[in-house]
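S.K.: The lines below spell out each chain.
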Amino acid sequence: AQKVTQAQTEISVVEKEDVTLDCVYETRDTTYYLFWYKQPPSGELVFLIRRNSFDEQNEISGRYSWNFQKSTSSFNFTITASQVVDSAVYFCALKSGNQFYFGTGTSLTVIP
Amino acid sequence: NAGVTQTPKFQVLKTGQSMTLQCAQDMNHNSMYWYRQDPGMGLRLIYYSASEGTTDKGEVPNGYNVSRLNKREFSLRLESAAPSQTSVYFCASSVHLTSSSGYTFGSGTRLTVV
Numbered sequence: 001a002q003k004v005t006q007a008q009t010e011i012s013v014v015e016k017e018d019v020t021l022d023c024v025y026e027t028r029d030t031t032y033y034l035f036w037y038k039q040p041p042s043g044e045l046v047f048l049i050r051r052n053s054f055d056e057q058n059e060i061s062g063r064y065s066w067n068f069q070k071s072t073s074s075f076n077f078t079i080t081a082s083q084v085v086d087s088a089v090y091f092c093a094l095k096s097g098n099q100f101y102f103g104t105g106t107s108l109t110v111i112p
Numbered sequence: 001n002a003g004v005t006q007t008p009k010f011q012v013l014k015t016g017q018s019m020t021l022q023c024a025q026d027m028n029h030n031s032m033y034w035y036r037q038d039p040g041m042g043l044r045l046i047y048y049s050a051s052e053g054t055t056d057k058g059e060v061p062n063g064y065n066v067s068r069l070n071k072r073e074f075s076l077r078l079e080s081a082a083p084s085q086t087s088v089y090f091c092a093s094s095v096h097l098t099s100s101s102g103y104t105f106g107s108g109t110r111l112t113v114v
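Chains A and B supply the protein sequences, listed in that same order.
27 is the number that my numbering gives to position 27 of the first sequence; each next residue is one higher, with no gaps.
61 is the number that my numbering gives to position 61 of the second sequence; each next residue is one higher, with no gaps.
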């Protein structure tokens with residue numbers, strides 16, 4: 001069965017702190033894709049990153065970084081030096097075959 | 001800007017009323033989707049359309065119907081709205097069903113059924 005688990009429902013951090021959002025996935029497929037989406041208070045869903053199952057290289061984009069570890073079936077997302085504008089709900093998702101599987105989201109609040 | 005456009009953004013319905021949520025994309029994508037988002041439930045697939053002329057049920061299709069009017073447009077209809085259908089609805093599209101690219105989402109429709 002395919003499944004995405006985001007165990008952290010809500011996280012609060014003080015501005016400039018680092019924060020890591022956890023994502024654990026389950027799949028038996030050897031080819032799959034992992035995604036992170038951001039949903040700010042305005043409600044739209046914004047694509048952040050895609051990773052395929054054959055590429056375990058970590059990625060850094062500005063203050064954002066992603067750690068993909070197949071051994072632990074995890075695809076964690078770290079925000080360095082958080083800012084108030086990072087406050088949002090973040091969704092991790094798994095694409096396997098025709099289907100997209102979303103986690104339940106982690107609500108991040110960055111306190112000024 | 002290219003993307004997915006949903007209308008309306010907000011809607012209040014009385015129980016039993018019907019309405020259609022509209023969705024259009026201008027990216028020449030083949031596949032389109034309707035999701036609902038509820039607190040603590042993440043995004044759940046209602047219906048999808050792999051290509052023009054085809055539609056299939058997703059995880060939670062009951063109480064909904066869809067129409068893939070053409071390649072650009074994919075509408076979602078509630079024939080007899082129920083309070084359980086109060087939710088935020090997102091339309092999305094992708095190049096094709098098995099595309100490795102992510103979805104492009106619309107900005108959502110917040111529906112309240114009273």
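No lab work stands behind these hints: they were computed from the structure.
Here the structure is a predicted model, which is why all the values come from computation and not from measurement.
Be careful, since some hints might not be right.
[Unchecked claim] Here are the computed lysine-lysine pairs in the PhoX-like style, where the Cα-Cα straight-line distance is at most 25 Å:
| id | chain 1 | residue 1 | chain 2 | residue 2 |
| --- | --- | --- | --- | --- |
| 1 | B | Lys14 | B | Lys71 |
| 2 | A | Lys16 | A | Lys38 |
| 3 | B | Lys14 | A | Lys38 |
| 4 | B | Lys57 | B | Lys71 |
| 5 | A | Lys3 | B | Lys57 |
| 6 | A | Lys38 | A | Lys70 |
[Said to hold, decoys possible] Now the stretches of chain A that chain B is said to cover, found in silico as 3 or more residues with beta-carbon under 8 Å:
| id | segment |
| --- | --- |
| 7 | 47–58 |
| 8 | 63–77 |
| 9 | 102–112 |
Just so you know, even glycine gets a beta-carbon here, dropped at the ideal spot from N, CA and C.
S.K.: Are the hints correct? Go through all of them and say.
M.R.: How the hints compare with the structure:
1. A distance of roughly 32 Å separates the Cα atoms of Lys14 (chain B) and Lys71 (chain B); the hinted pair therefore is violated under the 25 Å criterion.
2. At roughly 19 Å between alpha-carbon atoms, Lys16 (chain A) and Lys38 (chain A) fall within 25 Å of each other, so this suggested pair holds.
3. Proposed proximity of Lys14 (chain B) and Lys38 (chain A) is contradicted: the alpha carbons are some 32 Å apart, above 25 Å.
4. As the CA atoms of Lys57 (chain B) and Lys71 (chain B) are separated by approximately 18 Å, the hinted pair is consistent with the 25 Å bound.
5. The suggested pairing of Lys3 (chain A) with Lys57 (chain B) holds, with an alpha-carbon distance near 19 Å, which does not exceed 25 Å.
6. In summary, the hint linking Lys38 (chain A) to Lys70 (chain A) is supported, as the alpha carbons are separated by about 23 Å, within the 25 Å threshold.
7. Here the segment 47–58 of chain A counts 3 residues with a CB under 8 Å from a CB of chain B, which clears the bar of 3, and the coverage holds.
8. Remark: the segment 63–77 of chain A is not confirmed as covered by chain B, as 0 of its residues place a Cβ nearer than 8 Å to a Cβ of that chain, below the required three.
9. Given as covered by chain B, the segment 102–112 of chain A passes the check, having 4 residues with a CB less than 8 Å from a CB of that chain where 3 are the minimum.
Hints 1, 3 and 8 from the list above are not met by this structure, while the remaining hints are.
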